[in-house]
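K.L.:
What follows is the residue order along each chain.
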Amino acid sequence: MSSPALDLGAARQAARTRARVPRATGLQRLISPIVLLLLWQAASSSGLLPERLIAAPVKIAGTAVDLTADGTLPNAIGVSLQRVVEGFVIGAVAAVVLALAAGLSRVGENAIDPPMQMLRALPFYGLIPLFILWFGIGETPKVALVALGVAFPLYLNTYAGIRGVDGGLIEAGRTLRLGRTALIRHVILPGALPQTLVGLRQSLGVAWLALIVAEQVNADAGLGYMINDAREFMRTDVIVVGLVVYSALGLITDAVVRLIERRALAWRRAFQPA
Amino acid sequence: MATRLPTRVAPEHTARIRGLSRAFGDRTVLDRLDLDIERGEFVALLGRSGSGKSTLLRALAGLDRDTTGELAVDGTVAVAFQEPRLLPWKRVIDNVALGLPPGGRERARDALREVGLTARADAWPLTLSGGEAQRASLARALVREPGLLLLDEPFSALDALTRITMHRLVLDLWDHHARDTSVLLVTHDVDEALLLADRVLVLGEGRIAHESRIEAERPRRITDLTALRDRLLGELGVEEGTR
Ligand SMILES: Nc1ncnc2c1ncn2[C@@H]1O[C@H](COP(=O)(O)OP(=O)(O)OP(=O)(O)O)[C@@H](O)[C@H]1O
Ligand SMILES: [Mg+2]
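Going down the list, the sequences are from chains H and A.
Numbered by full-length UniProt numbering, the letters in the first sequence go through residues 1 to 274 in order.
Numbered by full-length UniProt numbering, the letters in the second sequence go through residues 1 to 243 in order.
Be aware that a few hints might be false.
As the list claims (entries may be wrong) - A few chain H residues that face chain A, going by a derived Cβ cut-off under 8 Å, partial list only:
hint : residue
1    : ALA172
2    : ARG177
3    : LEU178
4    : TRP267
Don't read these hints as lab results, they were simulated from the structure.
For every residue, glycine included, the Cβ atom is placed at its ideal position computed from N, Cα and C.
Next up, chain H with everything else stripped away, as it sits in the complex:
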C-alpha cells in the first residue's frame, strides 16, 4: 500500500523523468500500435492466424458495430454496469462507515480493525462457491463479490489515512478551539482524503476484476455472458469485443477518479513541478 507521501514522491519522480525524455507527439505514439494492428490484419488475411484462435481486426470492428446496432452490446454493458455500480456503492459505503468507526474511536478500532485485517488475507475469489450456495446464481452473488472486492482496499486505505493524519495539525485544531465534529470535518477527513482516493482507485480496479470473475462463473446476461456465449460458438470476434469493452470501462472509471483527485487535491498540486 502506498502512502500519500510516497505517492507524491513517485509522481514527482515521474514528472521529472517525463520531462527529461523529449515528448513524443500524439501522432508519433500512434505509429507502433497501428503497425501492430496492420501486422495482425495481414496475418489473419493470409490465413497465418486462424479465426478460431483470434478474429481479424476488421472483422472485430464489424462485429462491434453489429452488436451495437442490434442492441446486444449496449444491453450487456447496461447489465454489467449495474452490477458494478450496485456492488461498488454497497462496498464503498460499508468500507467508509467501518473505516470512520475504526479510525475515530478506540472502541471501534478494537471491534472492527482486527477482523478486517484478518479477512483481508482471504482470497476472496475463492468465496464464489460459498456465495453461490448462499445467494444462488442470480444477481446477488455477483454484486456481493464486487462489494467485497471494493470494500477491502477502500477500508484499509481510509483507515490508514485517518490514522496517519499529522498529530501536529490535530493539536493546532485543538488550540483553535475546534470541537470534535469540526476537528473531524476540517482536519481529519481532509487529511485522510489523499490516502482514501488511493484506496478508491484500487477498489475500482478490483471492482471490474471481481465482476469479470463473477460473470465468468455464471451469468445469463451482461458482458461476461456475451463472452461465454461466444466461446461456445467459437466467436473470437465477440470475445475480443467484450474484452475491449471491459478495458474501456476500466479506463473510463480510472479517468473519473483522476479527475476527482485533481479537483479534491488541488492544494497538493502546488508540490508538483508543472
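With chain H fixed as given, assemble chain A with the ligands onto it according to the hints.
P.N.:
For chain A with the ligands alone, coordinates are given in the frame of chain H:
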C-alpha cells in the same frame, strides 16, 4: 490533571501557575513550578534543550492533560508553533478564519493585513515561503484576540534577516493590540529574548531557575544589554566568551 480555574487569576494577571509538575515515566520534567504572567506582559522563556519549555507551553495551551498542580488562564489562549501547522487543504484566509464565529473571514482579512499577507490570502499554504507561513500562523493566533499568546520558537527556522523582520512585526502587533495580550515566547536565542521581552525566565531543574526584568526602552540594541546577556548565558551554562 491541572485545574483550570479562571476565577483564581488575580485581575492583574493573565496566567497563574502553582506547583505544576509533569513527568514522563520516571523522568520529571516540570517540578512544582510556579509562575505568574502579568496582563500585557511580554515574557521570554529560555532554557537548555530538553529543559521542558515546550512541555510548559503545552500545559498552558491545554494540550497536556497529564500535569499535576494548579494552572489558571484568564482569557483565550492562542499558539504559534515552531512549524506553522497550517492546514494544507485550506487556503491561507480559511486557515486564519478556522474556528471563528460567522463573519470571521473579515477579521481574518484584517489579521492578514496586519502581518502583511493580504496578497497571499487565497494561496495554498504549501506555496508559502517559510516566513510567510510563519506570519500566517501568527495571524491565525492573533485573530482570536488572545489574552495569552504562546509562541514556541516560531522564528527559529527562519533566516536571520526574516527573523529580524518578524521580531519587529511581533512587537508592532503587541503594541497595536494595546498590550492587552500577554506573550510567552519560548526561545533558545538569548538575544531574541533580550530584544523583545519585559521579563526573561530561565527554566532549569523543572522550575523557573532565574528571572530578570528588562526595563530598557524598545527598540533595543543588544550592545546595551551585554551584562545581562552574559548573566543569562551563565544561567544557561554557557561560559562567557564561548558564544
Ligand atoms: N511525549 C513525551 N514522551 C516522553 N518524553 C517527553 C515527551 N515530551 C517531552 N518529553 C521529554 O521531556 C523533556 C522536555 O521536553 P521539551 O520538549 O519540553 O523540551 P524543550 O525545553 O522544549 O527542548 P527544546 O529546546 O529542544 O525544544 C525532554 O527530555 C523530552 O524528551
Ligand atoms: Mg521545545
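K.L.:
So which of those numbered hints doesn't the model satisfy?
P.N.:
Of the numbered hints, all hold.
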